[in-house]
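Enquirer: Let's have the full structure, built from the sequences with the hints guiding it.
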Amino acid sequence: MSQKSEKLIDKKGLRLDGRKPDQLRPIKIEVAILANADGSAYIQQGKNKILAAVYGPKEAHPKHLSLPDRTRLRCRYHMAPFSVQERKSPAPSRRERELSKVIRESLEPSIFLEYYPRTSIDIFIEVLQADGGTRCASITAASLALADAGIPMRDLVAACAAGKIDDTIVLDLMDTEDKKGGADVPVALMSNLNAITLLQMDGTLSLKEFEKAVNLALKGCMKIYALQKEALKAKYMNVKEAAKE
Amino acid sequence: MPTFFERREIVTPGDLLAEGEYVAGENTYKEDKKIYASRIGLIEYGDRNISVVALRAFYIPRIGDTVIGTITEMGFSGWTVDINAPYLALLRASDVLNRPFRPQRDDLSAVLNVGDLVIAKIVAYDRAHDPQLTVGEPGLGRITRGQIVKVTPTKIPRIIGRKGSMISMIKQETDCHITLGHNGVILITGKKLEDEQLAVMVIHKIDEESHISGLTDRITQMIKEEKTKTKKRRKVKNESKIREAN
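In order, the protein sequences belong to chains S and E. Each step along the first sequence adds one to the number in my numbering, with nothing skipped, and position 243 is 245. Each step along the second sequence adds one to the number in my numbering, with nothing skipped, and position 81 is 73.
Hints were generated in silico from the structure; no laboratory data involved. Be careful, since some hints might not be right.
[Said to hold, decoys possible] Have a look at the derived ranges for each label pair, beta carbon to beta carbon: (1) S/HIS63 <-> E/ARG54: 18 to 28 Å; (2) S/LYS30 <-> E/LYS221: 33 to 43 Å; (3) S/LYS221 <-> E/GLU23: 21 to 31 Å; (4) E/SER160 <-> S/LYS221: 39 to 49 Å; (5) E/GLU18 <-> S/LYS221: 57 to 67 Å; (6) S/ALA244 <-> E/ARG119: 25 to 35 Å.
Beta carbons: idealized from backbone N, C-alpha and C, even for Gly.
Expert: Structure below.
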């Protein structure tokens, strides 16, 4: 690239937004914020702002989509027209369809789908503001929305990406790092079961670098998992404190 | 056989609750002799049984449950009823009429119409079939008056209390008749609107605070406070009336 002179990591080893290579962006998570959905969650990860809502399990519509032995999980990932600098057409793009599928498949192993045959669960993910790593943040939020809807789950799914910029392996890439950097490895993890539900790679990495990136991403997932649990409990803890007063 | 939490602590899905020869109770699952939570809730350790009292859950039909539902559709020989569950329930016309249904002569809309509320009992349900209802027992049938409150279905046992202590206390204090649907829908009928409103408030409080100990004491205190409030309000009203008359 002609703009190679622009460094993504400065002499002190800090990134464009002042983070260390193995540091996450600041994360804020809230659960149960939409009154009309059965379950919902909101996540802010750096400049990312994402809403997730869950409906169900409910009677499958249209009926021919219902499965006789398990729940049908449906997922829609959508970016708001104002979520990026240049207006994005609200119609689902190729990328959004793909991400919907990827997110659905990374959440599927965490749910006991076989408990409620002939029903469907709908997940709606709305990206209000995007700044790289939205698929991971979406998975984190959607998993919490599922737990908030009271759907029985094996574990919460936390997701985080790692990648390569300026030949350094870093955690949680933001938009500019993702676009100008060398590689991006999103990972989703069920921490307590130690099971990976999503692993993708975009770009080029040597085998050693890839291993390093995956391990770094897993560490990030575990940190996010702790935040997820805290956010899920927070609502009930607040009530507890209010009642004691 | 180690356990990893204290009794009544809040757990989230995926939390490892215990290891060893335990039986996985409600809202938990077992894998390789390890018991994990599958819903957010409060943990209960039994002698062998480990379960979680869910804070967030939805209603799953069970045979024998009393439920309160809304008629959503009228078919040729019966109605479909929304019972707040993932499955729609069926109510047969012959069951409601208590005699064989004659399609030429019987007008179903005269008996029950879309939007009507019914108290019913589940008589049949399994994985392959939608639940079927009956109204052929005393206390069941169409609802004509009262207030409807929706709560998380798992909180119904908490509203009933130990051997019905909580619900009988609420009934006595508010002077209301209360019908609990196992599906989390509650019907309250009282002589006065004030009484009904008080009962609604009490039930909402239980729904919100069921996971905190000392619930019964807080509820009795709340009822007392609310009663003195309404008494004061009535007194002020009466006094102003007297003043007006003078």
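Enquirer: Work down the list of hints and note, for each, if the structure agrees.
Expert: Hints and how they fare:
1. Look at S/HIS63 against E/ARG54: about 25 Å separates their beta carbons, and that is inside 18 to 28 Å.
2. Distance hint check for S/LYS30 and E/LYS221: the Cβ-Cβ separation is about 39 Å, which falls inside the suggested range of 33 to 43 Å.
3. At about 24 Å, the beta-carbon gap between S/LYS221 and E/GLU23 stays in the expected band of 21 to 31 Å.
4. Checking the proposed 39 to 49 Å range against E/SER160 and S/LYS221 shows it is violated: the Cβ atoms sit about 54 Å from each other.
5. For E/GLU18 and S/LYS221, the Cβ-Cβ distance of about 34 Å falls outside the hinted range of 57 to 67 Å, so the restraint is violated.
6. Restraint check, S/ALA244 to E/ARG119: a C-beta distance of roughly 41 Å breaks the suggested window 25 to 35 Å.
The structure does not agree with the numbered hints 4, 5, 6 stated previously, though it agrees with the rest.
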